Amino acid sequence: MTAIAADTQVRIDEMPAVRMVGVDKWYATYHALKSVDLEVARGEKIVVCGPSGSGKSTLIRCINQLEPVQGGTIIVDGIELTAGPKFVEQVRRDVGMVFQQFNLFPHMTILQNCMLAPMKVRGVSRAEAEATARKYLERVRIPEQADKFPAQLSGGQQQRVAIARALCMNPKIMLFDEPTSALDPEMVNEVLDTMIDLAQEGMTMIVVTHEMGFARKVADRVVFMDNGEIVEMGEPEAFFSNPQQERTRNFLGQIGH
Amino acid sequence: MIRAFGPNEFLFIVMAVQWTIALSAVAFAGGAVGGLLIALARTSKPRVLRYSALVFIRIFQGTPLLMQLFLVFFGLNIFGIGINPWIAAAIALTLHASAFLGEIWRGCIEAVPSGQSEAAWALGLGYRDTMTSIVLPQAARIAVAPTVGFLVQLIKGTSLASIIGFVEMTRAGQIINNATFAPLTVFSVVALLYFILCWPLSMLARSVELRFAAANRR
Ligand SMILES: Nc1ncnc2c1ncn2[C@@H]1O[C@H](COP(=O)(O)OP(=O)(O)O)[C@@H](O)[C@H]1O
Ligand SMILES: [Mg+2]
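Note that the protein sequences, when read in sequence, are chains A and B. Take 3 as the starting number for the first sequence in my numbering and just add one per residue. Take 83 as the starting number for the second sequence in my numbering and just add one per residue.
Honestly, the hints are just simulated from the structure, not real lab data. Warning: the hint list may mix true and false statements.
Think about it this way: if two alpha-carbon atoms lie no more than 30 Å apart in a straight line, the pair counts; the simulated DSSO-like pairs of lysine-lysine are [claimed, not checked]:
| no. | chain 1 | residue 1 | chain 2 | residue 2 |
| --- | --- | --- | --- | --- |
| 1 | A | K88 | A | K122 |
| 2 | B | K127 | A | K36 |
| 3 | B | K238 | A | K88 |
| 4 | B | K238 | A | K122 |
All of these numbers come straight from a predicted model, not from anything done at the bench.
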């Protein structure tokens, strides 16, 4: 652990965006992550797939410590998360997260949703926060909704707001937990397109999704999880056409790939 | 000497309404502060906080208000503060309201979906900002109706302070009854005054509840 921390100081620029080493996560007596190792380079796009309950959400929620871990090391952007609570808030500022259920703040307008964290956490002025918010709402193509409340928007629009809200913090890494799973089918593409734009701008992204078209188009690597383990990992072409593991083949067969 | 129940007697009871209101207001204000602390402690991470708050709530929910009044009243006396029904009633009712509001508001805080605070944490907000900007404003909407409901209970509960000699409406009624021996008239007046205090609050709670229900459907 100390060796890794020292390493961090020396080669911070070559440091991966995320490095997880031997991460163990327990929910009471249930072993949800079993000694997981994962390295994500800066600018890399990772798609995580796997059956329900395999630990995909748990994996990405560990990266911003929405879930504490019981063993191993997690280093995000050179900061060792597992070193203490002070580092957790520091990392969270630089890691955006988009949830399956959007989790917009229902008592605030779209604009207020986007301005809150920059003002409270980064301490930027109201005017600056508003300018940033409008810029990102434009980017996700819903500038005209700024003064509405989340409940007045469609699911696809809400999820794009959630992406804009995260981007307003100017994150270095974006985590997506099944961002299109709660959407009506006709709204899936508008959200995926937003994510593709983001990927093309060079954002580091870790995306839990079963949208294999998105994975083929955007992912540098696809990670397959089962039963709390990373079973297989590879570039999309090889991963889909020539999976090495039996469990991967079964899974790809089941989701009709 | 038996007096008749006349305008003076009526006025005596009406004047005591202010003490019922004063005691309710003090207990409610104190209970709001205490209740918020209890509710935050109950929903916090540290075990010590959660369990101390739970013990406090259980004690006050598990014993009659009258016993709480007696214990504070005679307890203050033991600590040499002397017998003062007003202070004793204010303290006892404040503690009582803290426990009940704490439990009501804990439920309201927990009714806010966990995804809300997770989204706030994921944006880097700390505990304080997450509570004040995200969780409490949403909990407050749910809390209005049950809180007003409890306030009605509290106003009626102040009548027990008459037993330790605090002259609010009920005690005023007893005093007049002892002089006039017209219990039916006297206590009808007292009951009517309580009703006039409480009924608008019940209506308010109901209309607020309907408004939020309508807002949530939208
Ligand atoms: N808060 C929790 N408490 C207990 N068990 C949990 C909790 N969250 C997830 N789990 C369990 O951990 C396993 C992995 O969950 P999750 O990471 O949500 O899977 P996935 O996102 O791949 O569907 C599941 O078996 C789930 O039941
Ligand atoms: Mg999941």
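Verification of the hints:
no.	hint	result
1	K88(A) / K122(A)	17 Å, holds
2	K127(B) / K36(A)	26 Å, holds
3	K238(B) / K88(A)	49 Å, violated
4	K238(B) / K122(A)	43 Å, violated
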